[in-house]
Amino acid sequence: MATTKLGFIVQRPGVKSENPKLALTHAIASQSVEIYLNDGDLVTADIAFIGDGVLNCKKDQKPEYLDMSTTESHIKMSLLLDLNVLICKEDLERFGMTEKDVVIDAEEFGADIEAKVVPYEEINKMMEDVNHLLFF
Amino acid sequence: MATTKLGFIVQRPGVKSENPKLALTHAIASQSVEIYLNDGDLVTADIAFIGDGVLNCKKDQKPEYLDMSTTESHIKMSLLLDLNVLICKEDLERFGMTEKDVVIDAEEFGADIEAKVVPYEEINKMMEDVNHLLFF
Amino acid sequence: MKLAAFVSDYRNTVDTLDRLKPEKLGIILIQNGVYHATTKEKGNASPVLGYSADYYVLQEDLETRGYTSADVGDNIKVITVSDVVDLLFNDYDKSAWL
Amino acid sequence: MKLAAFVSDYRNTVDTLDRLKPEKLGIILIQNGVYHATTKEKGNASPVLGYSADYYVLQEDLETRGYTSADVGDNIKVITVSDVVDLLFNDYDKSAWL
Amino acid sequence: MGKLTIGCFSSLVGSTNLDFAVKLSAAAMEKGHKVDLWVSGNGTMLSLTAQRAFKDYSYLEKTVTELMEKGLNVTACEACAESRGYHEDHTLAGVKRFSMDWYLASSFDADRVLHIGGE
Amino acid sequence: MGKLTIGCFSSLVGSTNLDFAVKLSAAAMEKGHKVDLWVSGNGTMLSLTAQRAFKDYSYLEKTVTELMEKGLNVTACEACAESRGYHEDHTLAGVKRFSMDWYLASSFDADRVLHIGGE
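Chains X, P, Z, S, B and U are the protein sequences, given in the same order. All you need for the working numbering is the position in the first sequence, starting with 1, plus 27. All you need for the working numbering is the position in the second sequence, starting with 1, plus 27. All you need for the working numbering is the position in the third sequence, starting with 1, plus 421. All you need for the working numbering is the position in the fourth sequence, starting with 1, plus 421. All you need for the working numbering is the position in the fifth sequence, starting with 1, plus 336. All you need for the working numbering is the position in the sixth sequence, starting with 1, plus 336.
Keep in mind the hints are simulated off the structure, nothing from the lab. Certain hints may be false.
Listed below are the simulated SDA-like cross-link pairs for lysine to any residue, each with C-alpha atoms no more than 20 Å apart in a straight line [as the list claims (entries may be wrong)]: (1) S:Lys463 to P:Thr125; (2) U:Lys367 to U:Leu403; (3) S:Lys423 to U:Asp447.
Some chain B residues near chain U, calculated using beta-carbon distances under 10 Å [claimed, not checked]: (4) Phe345; (5) Leu384; (6) Gln387; (7) Phe390; (8) Tyr393; (9) Ser394; (10) Thr401; (11) Cys416; (12) Arg420; (13) Gly421; (14) Asp447.
None of the values given here were measured: they were computed from a predicted structure. Ideal Cβ placement from N, Cα and C applies to all residues, glycine included.
Turn these sequences into a full structure, and let the hints guide you.
As structure tokens, this is what we get:
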């Protein structure tokens with residue numbers, strides 16, 4: 028019985044690049060990884076948005092123009108699956124954004140947890156705490 | 028009998044990205060475009076390196092590590108084919124580089140012309156003079 | 422020349438805009454370039470808005486990212502892809518994708 | 422943590438290096454990141470060299486771009502891909518490709 | 337009405353540059369312009385047939401096929417495609433494959449050229 | 337000796353990130369480490385067979401095949417590949433195709449993970 032913790036750090040805006048979305052889909056894959064592991068073994072995925080990456084968390088993204096799912100909907104899916112989603116407070120402030128501007132909950136999907144707007148210091152702690160880092 | 032002039036502007040360093048090399052191979056293709064055109068019609072290609080793009084002109088690039096042709100060899104090929112190759116003087120100076128650091132001639136291939144290190148003003152004139160611009 | 426320059430990134434890796442000196446300059450903010458129109462940093466507007474140019478921003482790229490025309494200053498015209506065609510054919514004679 | 426950060430571009434589009442505060446930081450300049458080691462602008466060294474870190478630059482990426490170890494300051498260690506493996510396994514416990 | 341030549345060097349999936357190039361082509365054609373679309377570099381990805389539509393990725397095969405039926409001229413750089421393992425037999429019906437000089441020839445009589453290169 | 341898991345999301349041709357990932361795999365294997373290489377996004381380009389070698393483009397098919405014979409484990413993200421039109425029948429012999437959870441499972445018992453994502 029062992030747990031490996033992964034930290035997914037999203038540093039860039041999305042849409043034009045698929046990277047932030049791949050960060051989320053890979054993190055979500057932590058929920059189906061058991062088929063490869065022994066009973067009781069786990070891989071956990073924490074997700075943090077820092078720098079320009081916080082722009083991925085903007086509310087009200089419209090999927091219809093590109094006919095593609097949005098990073099907003101992937102963040103909501105992550106919350107539904109109880110992944111730990113952190114958004115850097117200082118970076119939101121730098122862009123003049125508040126909690127009201129970003130995706131915090133996925134109530135409409137029945138998610139129990141919320142994304143957390145936290146000081147960078149907490150993201151740093153997460154980065155210290157995980158076994159491996161994946162920067163996107 | 029008409030001539031269409033194209034200006035190829037290379038703004039970025041190469042190797043990691045194939046774009047500067049594609050600029051040169053597309054410019055070189057101006058030498059074989061006649062098969063598509065009427066007798067006497069021409070497409071000309073001028074090439075200018077500006078900003079970080081001047082780093083593509085550094086001498087002594089070694090092809091063996093990636094087992095790929097260098098932008099240096101493509102600049103020499105452009106000279107052999109009598110293309111007008113301009114290198115921005117102010118940008119070389121910004122990087123502390125001189126004519127000695129960059130590809131100027133392709134004597135070993137028998138090229139008659141040389142690349143020209145020119146003030147940006149001359150590159151601007153070329154940009155005004157051509158029919159279409161292609162920024163890489 | 423009359424030049425339409427497309428800015429499609431938020432962090433530009435080239436300083437080409439600083440040097441372009443066309444008779445008429447249009448800056449078209451598309452894809453992640455729309456953040457220059459919507460987003461201030463530490464209260465300051467993006468330096469990309471500081472040129473002597475006509476500014477345009479693509480509406481669908483705004484909305485895809487969660488913004489609307491209301492998030493954009495009056496000095497920037499919100500346009501459609503169809504408008505881009507007209508700008509290219511009628512208002513500018515050359516284009517630069519930076 | 423002991424973090425090996427890879428810088429592979431000359432113009433970085435992220436400011437992540439400014440925030441990373443590991444106990445030990447190694448900055449590995451590869452691909453177009455090697456220009457930080459070889460190239461000054463207006464006489465100034467790249468700001469990427471200004472962190473409290475151990476610096477490494479990949480020899481083959483230098484030479485592919487027309488430089489040699491002689492073009493690199495003494496504070497930057499010229500290494501091979503094989504050395505990168507040892508750095509990852511022996512000197513650092515996590516890595517970040519920026 | 338004029339002729340617009342678009343060159344796009346960025347990949348279909350992973351960047352939305354090709355999505356924009358295709359939308360611009362459609363908008364120009366709707367206004368009666370003739371459009372040539374040259375794809376080179378990773379942009380040659382547009383020329384591959386049998387791409388699968390998923391909600392997480394760009395998917396242009398259907399749109400491009402419809403636009404080609406209306407007259408859009410799409411040509412992929414042959415060397416760029418071959419080097420990637422995109423061969424003739426996996427090429428989307430209607431897409432041509434030529435050398436880079438095709439792009440320059442298309443620019444010869446174009447009223448406007450939009451070259452989407454950088455990155 | 338340890339295990340290194342490398343994830344690479346950038347394209348073979350157009351960026352040299354995959355070239356570096358493959359070189360690093362080779363160097364780690366030479367030192368006795370076990371290496372898993374996950375390719376996702378445009379990196380799935382590595383999994384296509386019959387790429388043509390030209391002097392202007394990255395070409396890794398031969399190197400990767402030799403490394404797989406020596407034990408390199410290469411897996412491509414199936415959805416990323418399919419969305420691009422890279423199907424099972426054009427996949428380089430030896431390259432596996434799985435969902436993204438394969439990468440996470442590989443990281444589970446890896447001593448080191450190098451994730452080449454950004455851009």
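**Asked** Tell me, which hint numbers fail for this structure?
**Response** Violated hints: 10, 14; rest satisfied.
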